[in-house]
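K.L.:
Single-letter residue listing:
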Amino acid sequence: MAEKKTFEMEYSKVDTERMRLNVGPQHPSTHGVLRLEVELDGEIVTEVVPHMGYLHRCFEKHCEAMTYPQCIPYIDRLDYISSMNNEWPYVMGVEKLMGIEVPERVEYIRVIMAELNRIANHQIAVATFGLDAGAFTPFLYYFRDREEILAILEKASGGRLLYNYFWVGGLAADVHPTFKQECLDVIKHIRATNAEVTNLLIYNKIFIDRTANVGILPADVAINFGCSGPVLRGSGFPLDLRRAEPYSIYDRFDFNVVVGKGEVGTLGDCWDRNIVRMGEMEESCKIIEQAIAQMPDTGDVQEKLPKKIRIPKSEILSRAESPKGDLGFYIVGNGTDKPERLRCRATSFINLSVLPEISKGYMIADLILILGSIDIVLGEVDR
Amino acid sequence: METNIFIQLLGNNWIAYTAIAVLPLGFLLLYALVAILAELKVSAWMQDRLGPMRTGPWGILQPLAEVVKLLQKEDITPDLANKVLYNLAPYMMFTGAYAAVAVIPFSQQFVPSNINLGLFYIFAVSAIATIGVVMGGWASNNKYSLLGAMRSVAQIISYEIPAAMAILATAVLASSLNLNEINTVQDGGIFNWFIFGGPGPWFKVFVLPFTFGLCLIYMIASLAETNRTPFDIPEGESELVAGYHTEYGGMKFAMFFLGEYVNMFIVSAIMATIFFGGWQSPFGSSIMSGPVWGLFWFLAKVGTVVFFQIWLRWTLPRLRVDQLMDLGWKYLLPMSFICFFAIALWKMLI
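Going down the list, the sequences are from chains A and B. To convert, note that position 33 of the first sequence is 33 in the numbering used here; the numbers rise steadily by one, no gaps. To convert, note that position 331 of the second sequence is 1331 in the numbering used here; the numbers rise steadily by one, no gaps.
Pulled out of the complex, with its shape left as it was, chain A reads as follows (with noise of 0.2 Å):
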């Protein structure tokens, strides 16, 4: 396998041979069990071929013997750190073939609960960035801010992480009467954190030196591959589904798509895609404030729905905008309660193929950065 390369020197010929490393699927740094193939020239990465599948699980197949409402446990733990913008799509798409409209405060209360989930997960995309730069404290800053966001989401819905609360035609429950001052000094600590990391890593000068010019992704090879999210947009991309086809009640909040500028390095580099993260977790805060102030205090959270929940023969592509970009489920209904097929299209899966395009010719420990740049998340990636 390894390529031999033969240089010719004063006194004698010295042979050298590239390494075949395996990095994962137990390695403290591919965020899961992702197994990355990688062939080094000394420290030089010439070639990542990542191994997937550790975590399969068959969702899709599942699914298909599983009633509509049924799915969406199992939805939840496709990106187990946005849950709540997993289940959104889904049950859009069933509300849309059973032609359901929500209640208005349904709407408001989803818009939030997203927003804020979104929040958690960029704060974990950042904060295990960090970590794999050596940064360890604004990890824990992090952490120690998303338990915050969770303790909301958990009053809501029961769970800390796998929500089953966007039901189809509502909410499992209603949120509680402190919901909204919750959410509001919940902002505030964001707020404070994201300052103080901005201060203490991101302008960091080794921390820039680090991630500014490594793993370069050109707005055209992200479109090629299909790329979502904020890798699309850090290379300048202003692809933003909640702007571009705004569903539910995006319409009616005033908010940047947040795309990435070569600030410090060269467009789309690891500090572009981190940056646009930083700057989306202000945005989420701004949509949540306005969706706050507008949300009715009063109202149904359930729509009336029949007792067996059965879609007509006809298919659907609902898209939303994940944290980790454009997330789809492509639904075909066959008259019956349970889905012909359910497919999705998982946003970290694409994100990840364009790995090897990005990270040939940069070090190791460079490769390590730009798969933390990309935020994946395994559980979506294998399904």
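None of these hints come from the bench; they were simulated from the model. Incorrect hints may have been included.
Calculated cross-link-like contacts (lysine to any residue; reagent style SDA-like; alpha-carbon spacing at most 25 Å) [what the hints assert, rightly or not]:
1. K205(A) <-> L1216(B)
2. K1041(B) <-> F59(A)
3. K205(A) <-> G1213(B)
Partial list, derived from the structure: chain B residues whose beta carbon lies under 10 Å from chain A [claimed, not checked]:
4. K1041
5. S1043
6. L1240
7. V1241
In this text, a Cβ means the ideal position worked out from N, Cα and C, and glycines have one as well.
For chain A, the structure is supplied; the task is to place chain B on it using the hints.
P.N.:
For chain B alone, kept in the frame of chain A given last:
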């Protein structure tokens, strides 16, 4: 003047020498426990958490519990490892670190071995620790360990030179390689320490920026030599799992760990001795000075430097291996040469 209190008290016999040899070892083991606890607690406070709280009051027995845990572990040697080198490496690392303690002046009355080539000796023996790292990394027969060992050699060699230059410059100022002698020269309060240009008339301010710069250079280089963040790339856990000691467990891992902490102590002690006056009182030789106060000042200064190292570790990200080489060869080395040149010139002129 005899500088060793044990020889003064017990006479020039084997009992005194045994005491001289055993005392620093006991001290270092105790120090390692305290330093591990400090690392745990300081990092916890920086990260807004409590740290270990269950073992003893405020968790102060946590390091002991960890040692006991490591003692209970099975002593594994991988099948494909080179048995002799693999088992020897951790002790090599610790020996190298411990040997350097021999010339550290703890107090004016206690220098384990007051030899005239103290500085030279320290550089000679502290390189032994590198051999331990290479042996461990190579003998483990693991790709991660090998990469870690390679990085470690490259790093320690490139940082030994600026560190040596920084120290040699002070040897020029003190006109001695004897560490106790270097300490004695810095008599007379905080402004006579070598970080502030050493003792001299008012126009020593011209040399002050250079000695201060050398202190910083030595600080940075010593971080790299002890494999501490931001230079912990030989064991950079995010890419190399644990670097050269990936395959080690139990007491052998503990020896590596102990070696690392002892190394921290050594570089801090050299820094305190050379730049911060060692056992000299910051208020001059008449206030709060004497053998016991000397020990106190020395330990206080070492503790401060160790705390600084811990502080940096939990604040900064890690450099990449090529950036580390850049910093060493392109910045620190030329700067240390300039400082050395300026100091030598100054010494010639006065």
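K.L.:
State for each hint whether it applies.
P.N.:
Hints, one by one, checked against the model:
Between K205(A) and L1216(B) the CA atoms are separated by roughly 17 Å; this keeps the pair inside 25 Å, and the hint holds. This hinted pair does not check out: K1041(B) and F59(A) have alpha carbons roughly 44 Å apart, beyond 25 Å. A distance of roughly 20 Å separates the Cα atoms of K205(A) and G1213(B); the hinted pair therefore holds under the 25 Å criterion. Below 10 Å, beta-carbon pairs count as interface contacts, and K1041(B) has none with chain A, the closest being about 14 Å; its hint is therefore violated.
The beta carbon of S1043(B) is positioned within 10 Å of a beta carbon in chain A (closest approach about 8 Å), and the interface hint is therefore held. For the restraint placing L1240(B) at the interface with chain A, the shortest Cβ-Cβ distance is roughly 8 Å, inside the 10 Å limit, so the hint holds. Satisfaction of the interface hint for V1241(B) is found here, the shortest Cβ-Cβ separation to chain A being roughly 6 Å, below the 10 Å cut-off.
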